[in-house]
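*Asks:* Here's the letter readout for the chains.
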Amino acid sequence: MGDGVTATQVVFWILAVVMLVSALGVVTAGNIVYAALFFIAALAGVAGIYLILAVEFIALVQLLIYGSAVVILILFALMLTRARERPQALFGRTRPLGIAAAAGLLAALIGGIVATQWVTPGSAADFQPIALQQIGDVIFTVWIVPFIIVGVLLSIALDGAIMLASPDEEE
Amino acid sequence: MPDLVLGQFAGVDMPDWVDALLRIMFIVALMTVNAFALIYLERKILARFQARVGPTRTGPIGTLQSIADALKLVTKEDVRPSTADRWAFELAPYIAFVPVFLIFVPMPFTETWFIRDLNLGLLYVFGVLGLNIVGVIMAGWGSDNKYALLGGVRAAAQAISYEIPMLLIVVSVVMVAAGRLATDGDVSAAVSINGIVADQTTTPYILLQPLGFVIFLIGALAELHRPPFDMPIAESEVVGGYFVEYSGMRWGMFFLAEYTALFLIVLLASSIFLGGWNWPFGADVGLGLQIVLTLVKTSVMIVLVISSRALFPRLRIDQLMSFSWKVLLPFAIVQVLANGIIMAYGGPDWVVGLVSFALLLALFGLVFALTRTRKGGDTTRTIQTTPARPRVITSPEVTAVEAGGGD
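Protein sequences appear in the order of chains A and B. Take the position in the first sequence, starting the count at 1, then add 745; the result is the number in the working numbering. Take the position in the second sequence, starting the count at 1, then add 393; the result is the number in the working numbering.
Calculated directly from the structure, the hints in this document are not laboratory data. It is possible that part of the hints are untrue.
Heads up, incomplete: computed chain A residues facing chain B, CB under 8 Å, no partners named [as the list claims (entries may be wrong)]:
no. : residue
1   : VAL778
2   : LEU782
3   : PHE821
4   : LEU823
5   : ALA876
6   : ILE880
Given the structure is predicted, the values throughout are model-derived calculations rather than measurements. Built from N, CA and C at the ideal position, the CB exists for glycine as well.
Construct the complete structure from the given sequences, taking the supplied hints into account.
*Replies:* Printed below as a string of structure tokens:
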């Protein structure tokens with residue numbers, strides 16, 4: 746690879762800048778639809794990072810799930826808020842609380858990143874991409890209980906949403 | 394590079410970036426030619442259905458009509474409404490267009506001709522195509538026009554609803570492919586589109602998953618906003634839908650995206666169900682005919698899709714949503730379950746096919762029973778629940794919120 750900048754590094758930095766800018770956009774945009782659109786840019790950046798890490802499956806699932814999720818977010822934004830009429834105020838009385846929570850989370854994340862013993866990958870030659878089959882095997886054998894629990898939770902949430910949203914049958 | 398598209402003919406070694414550039418140029422060229430051809434074809438076919446002759450004046454039997462249209466679009470003024478949201482409005486055509494452009498990548502034209510053979514090709518197609526709808530809803534919202542907004546919201550609701558049965562059907566196809574490939578011990582090709590095509594040398598999957606084929610086709614019509622599922626762009630209801638405010642080349646880009654997606658989704662369907670570049674029932678006759686076979690299968694399905702525009706009346710949006718959630722989704726889930734149960738107990742392929750065919754008959758029976766015309770009644774009454782109050786998706790409140798911007 747040499748001493749110079751590798752193509753992967755260039756791509757990484759481009760993605761990093763895109764992610765940071767759009768993540769900032771999510772929290773600073775006064776317009777809620779803009780925030781949702783910045784959000785999908787940030788998530789697409791994360792998918793790009795997954796691609797650099799050679800986990801294509803997670804990258805594609807990221808796009809597939811969050812792509813639809815953000816569209817639904819925009820729908821909510823359009824239907825439940827009046828964002829178009831007046832930009833939402835970004836700060837309220839809870840501002841100090843928010844700052845404290847954000848600072849605590851930041852500290853916890855930085856602490857976690859610093860404290861972790863990162864596995865340094867070897868050369869690109871002995872890197873083996875994970876096959877989809879392996880992921881399936883692990884999910885449906887080792888992690889089957891959490892998988893089922895997540896499934897049940899999602900079904901309950903879905904049923905609840907339908908119950909809340911369905912019009913009253915008897916009038 | 395064994396899978397090289399162009400270098401194969403040139404027989405020269407090219408640096409990676411030249412290779413990549415050539416592949417991109419190939420996509421662009423194919424996309425443009427495809428859109429020209431499809432627009433001409435659509436006009437001619439629809440004209441036949443309506444006892445007209447279609448375009449005849451520009452070029453021999455009107456074949457240059459699309460090029461004339463393109464010239465008109467390029468030279469037309471690009472107008473942006475003064476109240477439109479600048480960024481959303483200007484960027485939307487690109488965000489709608491680029492994902493469609495990207496799904497060219499894993500499409501197999503012959504055994505060795507594709508841009509790239511992706512291991513997760515099927516997942517890639519749906520992951521990337523899902524982003525297209527972001528552009529559509531940006532266009533709808535950014536135009537500051539209530540028809541555009543309604544069109545965009547309809548498109549979003551429709552895309553999300555029909556994506557789910559389609560993905561489940563893709564899962565069931567992958568299950569069948571994996572089951573068949575497992576006899577060779579290597580199932581890694583089961584999510585690759587070319588791998589799935591390669592497995593259909595003797596049996597096209599439409600015989601194993603007839604229900605899957607039908608649901609996929611219906612879902613494709615809805616995803617592509619083709620009639621009878623064209624509510625997002627219905628001229629008589631929302632005056633063209635999410636691109637009503639667009640003109641010139643930005644409008645053209647939505648159309649380019651639409652026709653490219655039509656070609657690609659149909660190519661995908663003919664690859665995973667009709668056996669792509671394979672002869673039906675075996676007997677491969679070499680590379681020269683593979684491309685012909687792919688294009689013939691794709692063309693037949695394109696004609697089918699275009700004809701449906703002339704053959705079926707448009708549904709209502711609530712009928713469309715009900716059909717996806719209450720009919721297609723349960724059938725798709727049952728199909729996945731049936732495949733799983735049969736394959737877990739080691740059932741042979743023909744059982745899978747037979748069960749799927751039985752399910753298809755059940756689907757037809759159900760739809761027939763539900764849509765039987767009653768005397769003077771609404772033809773599709775029983776599919777939907779009573780519309781007690783306006784539903785969220787089509788709710789007039791949506792428009793009210795947006796239209797009420799002035800007060």
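*Asks:* Confirm or reject each hint.
*Replies:* Checked hints:
no.	hint	in the structure
1	VAL778	holds (6 Å)
2	LEU782	holds (7 Å)
3	PHE821	violated (10 Å)
4	LEU823	holds (7 Å)
5	ALA876	holds (6 Å)
6	ILE880	violated (11 Å)
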